[in-house]
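A.B. asks: All chains should be built: construct the whole structure from the sequences, respecting the hints.
Protein chains: 2
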Amino acid sequence: MDLLHALSLGDLLREHRRSNPLQIACVSGDERFTYRELDDRVNRLSHTFLAAGVGRGDRILWLGQNSHRLLEGLLAAAKLGAIFSPLNWRWSAEELAFALSDAMPTAVLWQQDEIGEQARKARALTKADALWIQHDDPGPEGYEARLTDAEPGDPALEVDPGLPVLALYTGAFGGHPHASLLGHDALLLQGLVVSKVQDVGRESIYLNSGPLFHVATFMTTMATFVWGGTNVFTPRVEAETLCRLIDAERCTGAFVVGPTLQQMVEANADGRYDLSSLRSFRAFPAWDSMTTPDGSPWGRRPGGYGQTELMGLATLSCLGMDATGSHGRPSPLAQVRIVDPEGVEVSAGESGEIVVRGPTVMLGYWRRDALEARRRAGDWHHTGDLGRREEDGSITFIGPAARLIKSAAENIYPVEVERCIAAHPAVAECAVIGKPDPEWGQRVAAIVVLRDGVEADAEAIVEHCRAHIASYKKPREVAFVESLPKRGFAVDHDALDRRFGGGGYPGAAAG
Amino acid sequence: MDLLHALSLGDLLREHRRSNPLQIACVSGDERFTYRELDDRVNRLSHTFLAAGVGRGDRILWLGQNSHRLLEGLLAAAKLGAIFSPLNWRWSAEELAFALSDAMPTAVLWQQDEIGEQARKARALTKADALWIQHDDPGPEGYEARLTDAEPGDPALEVDPGLPVLALYTGAFGGHPHASLLGHDALLLQGLVVSKVQDVGRESIYLNSGPLFHVATFMTTMATFVWGGTNVFTPRVEAETLCRLIDAERCTGAFVVGPTLQQMVEANADGRYDLSSLRSFRAFPAWDSMTTPDGSPWGRRPGGYGQTELMGLATLSCLGMDATGSHGRPSPLAQVRIVDPEGVEVSAGESGEIVVRGPTVMLGYWRRDALEARRRAGDWHHTGDLGRREEDGSITFIGPAARLIKSAAENIYPVEVERCIAAHPAVAECAVIGKPDPEWGQRVAAIVVLRDGVEADAEAIVEHCRAHIASYKKPREVAFVESLPKRGFAVDHDALDRRFGGGGYPGAAAG
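Going down the list, the sequences are from chains U and R.
Residue numbering for the first sequence follows our numbering, starting at 1 and increasing by one per position.
Residue numbering for the second sequence follows our numbering, starting at 1 and increasing by one per position.
Derived from the structure by calculation, the hints contain no laboratory data.
Note that beta-carbon positions come from the ideal geometry of N, C-alpha and C, so glycine has one too.
Keep in mind that the hints are not guaranteed to be accurate.
[To be verified] Example chain U residues on the side facing chain R (calculated, C-beta under 10 Å, incomplete):
#1 Asp2
#2 Gly183
#3 Ala186
#4 Pro359
#5 Ala370
#6 Ser394
[Unchecked claim] Non-contacting residues of chain U with respect to chain R, defined by C-beta distances greater than 10 Å in every case (computed):
#7 Gly201
#8 His214
#9 Trp227
#10 Gly258
#11 Leu319
#12 Pro330
#13 Pro341
#14 Trp440
C.D. replies: In structure tokens form, the structure reads like this:
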């Protein structure tokens, strides 16, 4: 291991202990800890885990809501070379049990409040022989008592920053979730990039109001941690609580989306909370008048294309203020290509799978060797998503590329044709499948649901496609139905294949 | 090599070709090139070098002033896994010849304008069997003609970003300079950190007005390149030229210090140049009225502690707005410790050598194995500089720690005592040496030059020290002299040792 150039998350915490000892590292309810205190607590937690046999590569699961103890768990794992995995606390007992059986943890931190019942049921459903610590138990077996009892001092183990430190479960359509293993480097460097575009620094006070089992909030948590700023935790999204915390802690940033903005404006209708410390992108007048405009590149154009397997963003919308593409341009840490199913780069303007290389790419999936091998074919991370490089170099994200139709030599992604047909004013919903064709291999078929009281025939749908996408992608046949079969929120293409005779798809579908 | 997570400087250029094809990458005189054109030129230059036998680890020297061709040389080296070294064009023929003999280059890019005579003399002094290309030769043997003749297309070699790509010669007191080998990772990641604190992005237009054989300018060149911004090159610092370029190119940043500011204000006394695009930290009213305040953290407090061996900054002053220490706090990519000569960390408030770990630390010195081994003792980069960690975690840089006096068990750094004595109002200059002492090993002796017409005796000097630094550091004897012997600008401590009986220093002096 190259110690001279190493910088693990544990090293960064040690450095903050030295260089930011008196700075507030985290706030959670009535508790607040400086970086020195945080490091002390993380050291004691590390020793608790060590005593329970947690070693390099072992899993520590978090079965709770947002809390400073979640960050402590991550950092203790970091100091041991272990892997920390915050599970989705909205999952059912069965779903939690699946993740427990899959992850095979050596230690589990769990929460009684709100989700104690699921957690206990999940534990009963698995035979996992792990140390279970209730993080909100104030008694002698609880998290705080164990910290008090634990050995102090840094465990002082050498940890390679190339090792995984975080496992985030990510949904798979129609299957079990799988965990992306993300390395120290990925968290730290993505944090650096995000800090730049979101203008996060040592003076930032970030309200962790989005769930930390998702990468979206986690990126900014890390940006704040990297620079020695302050992370404020709240267990769940509750409009009035967010207002109160922003006011009390003078939060400069928060993860707040959509309807929550409106709820916060309503909760603060009488102006009892001062939200002026919060830099926020512009939404609507009542919100804008309570907050401060976010002048960062992110504030001017938030978002980009990303996924859990990339520790979040691979392209940044703010790098495409002048661009044709909807999702900006690649982050400086991401090499991005658009490729055909053989992995060959396609020309600008053509659709293909988005593949990525760089230091923020995951190290692999936990126990999904076959899927992992497919995803890293040719040493590029295959996102399973469809995108397009525009002539000006910018990127447009189209949608999941799970299915592919091959007609003659042409690759046709159903999602692209579906997007086109859905834009027809008469169409409420649609799906596209491939049907075996003796001459062309496959031919494109569309299954369309029309809007109530609107008419359109097959020819109109085909003409619409011809006008907007390459001619070879247009459907050869169109069927009209009352509704589409679903699996969760997603259209069940397999059911449509069975009903309308779809098949002949090339290769295996990407995971 | 781990291609999935790789990102070399060549990869970054390839990505810019794709994602920023039409963006201006560099401007030099009347020439300007987009990122696509820059990549084309770098590919042709790579093939020129390949044809001359340049391979992995081989050296390419730059013997010229600032130019877009310097950046091209670096990037061509990057694509080949070679090492690019821009020499100090102010060096004499003998100094250049030393570097040529030391670096043993396979290719040399040199300049006729202004420095052709030294370059030719240096070449004659060495037997280096290298390809010499005059970059400002418009003829058939010159740089441009060779690019035209060269094979196009990307050489498409796999280059590990852990390899060195840049060699910067750095001065050694009283000896030959040695070259720090800096890796792709170091350039790229330091660029990212600098882009954050200097607020450099895709929209930045950076005037490379400081010399690129120094790391100070190079850091921002890389910050600009990392985000796909525009680098503007000018061969040398000339006030009116800088004004003209800032006006014509709407430069947002520049490397301008001290007297140049005043010269630029004079050159622009009639306001013929519009410098309002330039973000600059505040200096004096006439300058401030011509430029725009730099609101970045750097603009509020520029600088920090760094050195060539660290690809520049290891601490950032802007992270210490509230701090006791003069040099802020460590950059997020640097672990910093203050250690005693045995490598043991000293307590806050005590002086010791600054040592650093992290991804921006050099990979080693070119052909200086013994020095390199000393510098990386215990897997920490030993800077050879003296610093202090303050109680609030911030860092104060004191000065070079080359000499150490050992009195009883105490380590005393002469530079620290010298700084203290020099602050006495009667003192013009001073130096501190260690003299062998039968009881204590060594004792501290001060040699002092008083200001004209001012009186002070030894007791006053000793009392002054007792009041400001630890008592054991105060001089036991004080000699008054008319002037101090010098070697260049630095006091010649060896000469003082000989004259005043200094000696008994512990171990070897750090390089």
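A.B. asks: Does each hint hold? Answer for all of them.
C.D. replies: Hints versus structure:
1. Asp2: OK, holds: Asp2 (chain U) within 10 Å of chain R, min 8 Å.
2. Gly183: Cβ of Gly183 (chain U) sits 8 Å from chain R, so the hint holds.
3. Ala186: holds, 8 Å
4. Pro359: holds, 5 Å
5. Ala370: violated, 17 Å
6. Ser394: Constraint on Ser394 (chain U) satisfied, holds at 7 Å.
7. Gly201: violated, 7 Å
8. His214: Given a closest Cβ separation of 23 Å, the condition holds.
9. Trp227: For Trp227 (chain U), whose nearest Cβ neighbour in chain R is about 6 Å away, the distance does not exceed 10 Å, so it is violated.
10. Gly258: holds, 28 Å
11. Leu319: violated, 6 Å
12. Pro330: Check fails; 5 Å does not lie beyond 10 Å.
13. Pro341: Pro341 (chain U) clear of chain R: closest Cβ-Cβ about 19 Å, beyond 10 Å.
14. Trp440: Correct as stated: the minimum Cβ-Cβ distance to chain R is 32 Å, above 10 Å.
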